[in-house]
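Peer 1: Chain by chain, the residues:
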Amino acid sequence: MNARLTTTDVLVVGGGLAGERCAIEAAAAGHEALILSLVPPRRSHSCAAQGGMQASLANCAKAEGDSPTVHFLDTVRGSDWGADQEVANIFADEAPVAVRELAHFGVPWSRVRGGKNQYFIKGEHVEIDEALEKDGLIGQRDFGGTAKWRACYAAAGTGHAALYAVDSEVVRLGITVRDRTEAVCLIHDGSRCLGAVVRCLRTGTHFAVMAKATVIATGGYGRIYGQYTTNAVINEGTGASIALDTGVVPLGNMEAVQFHPTTLSPSGILVTEGCRGDGGYLLDKNMRRFMVEKEPVKQELASRDVVSRHMQQTMRDGNGVDSPYGPHLWLDIRHLGEEHLRTKLLEVWDICRDFAGLNPADALIPVRPTQHYSMGGIRVNKDGESYGLAGLFAVGEAACWDMHGFNRLGGNSLAETLVSGRIVGRRVAEHASGVSLRANTGFAFDALAAAEKRADDWLARSGSGRNVYEIRDALGEVMIGKVGIFRTGDELNEAVVEIGQLLDDCDNAVLRCKDPGVNPELGFALRLKGMLRLAMTVAMGARARTESRGAHFRSDFPLRNDEEWLNRTLVRWALHESDPSFSYEPTGLIDLPPGHRGYGSDERIEMKRTIDSYNETVLDEQTQHGRLPSSEDMGSRLKRGAWQAYVQ
Amino acid sequence: MSQEKSNVPRRLKFEIFRYNPEDEYSEPHTDIFEIEETPFMSLYIALSKIRETHDPGLQFDFACRSATCGSCGMMVNGRPALACRTLTSDLPEDIQLYPLPAFKLIGDLSVDTGTWFRGMAERTEAWIHERQAFDPEAEEERMSNDIAAAIYEGDRCIECGCCVASCGVANLDDQFLAGAGMNRVARFMMDPRDKRSEAEWFDVVAGDEGVFGCLGMMACADVCPKELPLLEVYAYLRRKTLGVRFLARDDN
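Just so you know, the protein sequences line up as chains A and B, in that order.
Under our numbering, the first residue of the first sequence carries the number 15, and numbering increases by one thereafter.
Under our numbering, the first residue of the second sequence carries the number 51, and numbering increases by one thereafter.
Pulled out of the complex, with its shape left as it was, chain A reads as follows (with noise of 0.2 Å):
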């Protein structure tokens, strides 16, 4: 295991829930998968999403009438018509397969119970009778965004139930782990990739891994938002930045940051979109159920990005609640009593009594809007193989597949995980079927000896230069303040100023732990340069979209522009160029009209262009943007005008 070069079939680099089951997939089909996590694998950040997973099962009464079809208007309605649709509807087909997948693999689903059920909706209490023929299927739980209740959950612990589950299968089938390891570059040839080279946690030590496919699924990057994010602290976007380091792979739509409404005050635990799902509601400091009159259909479960500028209003505002640390305002889920809370929602009640020092069925519990998830990511086509590099592969929050396009609904994302895990890993086993693996180790050993020598470089360092955290803070303020809910030109103008600044001090900074072995303060040091190449695409990308669509907001260009801006947002950025590179490709083909979304504002500009026109180009346009050819012809998976029965 000491070796300086191993190789495998197929490197999976991350050990959460797309990782995990995509190499479960490769491994099925007889590959030797190995996968690297930063953390034993279930400890990943998949085991804190909590709500629930999206997926048109239809077994509650809410749930009546609802088909993969009218998940797939929710998911893109919820985009903001961002998403690539033909994927969207890839998604919404799978996932019910992926959760019962799940079943088998032993999640302990909350089920149907048949007969009289209480419920919460839109505050009132009410009582609704489940089919006695639906008793013990696998049961739905109301979300935002959504027509129908679609959230399928194990209590508010959802993703910990998932992870256990899948990665008892990767236990099962024996696939190796190697924890406490870090992918610090990848090794390709300028088309292909051929591995990555791993720094070892335990050890400090490098080594190089030859694979015939290497798959990215490292999470998204919310640390770049530093204390001001639900994420946990090993979501610093590595994937995703030594992608952009080869200056060949595009990462998409950087610029599409969501922040969750409700996130504990002042250390932004998340608290889940559950419990306004479950009926709760929010409050400002007068009391007053500010959402009903900003939304009044939808109220607390219009989409993330549609509540949480409603919640950032109100406090600017000067309804929100003053604190030490900031205005913030209520959540309410008193009224759903303690029996509902500590079995549906008990998540929610540790986190309040551990964290806040607060019962939930008797108090109110402080919440604020915060960085949660990361839309953008390594930019790959509908079969997860990434633009520019054959045998390189993105699933889950680290890729732009793109389904989420610039708004995530919750309960999306986890089922993401498990159907890309499942798509992308079948088309990453037939890659590794069809190519060997490659003899020429003069890549591996170069880019081993470059990434010994980057440590070796920040270890020899010496000077008055700035500390690394200082450095990884003020980051934070910068995207917080200046990248955040509400965007402006100006103050989007300031923020690249001043991350160039950081990038300045960054390559300037000292260490002060010259220790051998793990070194905390040099593996910090080495991804924090990425870290600020990646804030930096976020703050670029968001400063030349001059429109708002889905969580990107501009107050100085406040309407969606489909006329110009029906596009995805592509970046590619070499370690030893200055700067980077934007260019734009069209979203997709478009099924579904760009039209109102059901909730937040209906004004618009309209593309004047038809949609013939718009799909004549898409995919001349995204070939030459380096999308590589998929299995299956682009549009197959689309099924042209199935909406229309759904929609009057």
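No lab work stands behind these hints, which were simulated from the structure alone.
Because the structure is a prediction, the values reported are computed rather than measured.
Glycine included, each C-beta is placed from N, C-alpha and C at the ideal position.
Treat the hints loosely; a few may be bogus.
[To be verified] Covered stretches of chain B, as calculated for chain A (at least 3 residues, CB under 8 Å):
#1 62-73
#2 99-110
#3 117-123
#4 186-193
Once you have looked at the hints, place chain B on chain A.
Peer 2: Here is chain B on its own, set in the frame of chain A:
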């Protein structure tokens, strides 16, 4: 929240175990760090501050910082606990931090729980043993919500290792299943989807490394941050395995 009653913040004195196995000059010892207490300070906040302002080489593990991932088990004043949800206001001014025993030390407060739990999962075959392959076309198998809730209760273990560290037997025998392992077995045993026979279960959990090796001191139940009912788990497993043993005797 005692510190909120007084305006003068407390000065906290941390005594922290130090040893870096990768450094040939390192010897096990403790270091003292003093920091000022801030409102709602958790050990996650305190340790991050010590590393960022006092000693950047200090090793410890956090990931979710919300008592969900199980990374940050450590000995806090002699008792295993999750550091992220331990508030300094609940502790005296002198705070001793040591790594969890029973696990291999990686450095300072960081221990290798991953290898221990993977080994336990392999030995107990902690996965659903089913007779049939998954059929993507079929409706899910039904289950009563009460059974699902009972399985979920056992599934809540976050594998932080606090119970293992607190266990007298696990500290002497690295194959002993300890509270987390027993709980894992019970979770699958009660799951109707797992088709293992009673005799197969007997092989998994009976014997000195399983339920009959337990001395019944039940420190595991006292320290479990998720308050899992480990006493009931232990009673359930003993009952099940003894039942199998007596039945086997009757057959003879």
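Peer 1: Look at each hint and say if it fits the structure.
Peer 2: Checked hints:
1. Proximity of the stretch 62-73 of chain B to chain A, defined as three or more residues with a beta carbon under 8 Å from a beta carbon of that chain, is established by the 4 residues found.
2. For the stretch 99-110 of chain B, the proposed coverage by chain A is satisfied: 7 residues have a C-beta within less than 8 Å of a C-beta in that chain, meeting the threshold of three.
3. Counting residues of the stretch 117-123 of chain B whose beta carbon lies closer than 8 Å to any beta carbon of chain A gives 5, which reaches the threshold of three, so the coverage claim holds.
4. Counting residues of the stretch 186-193 of chain B whose CB lies closer than 8 Å to any CB of chain A gives 7, so the stated coverage by that chain holds, three being the minimum.
When held up to the earlier numbered hints, the structure conflicts with none and fits them all.
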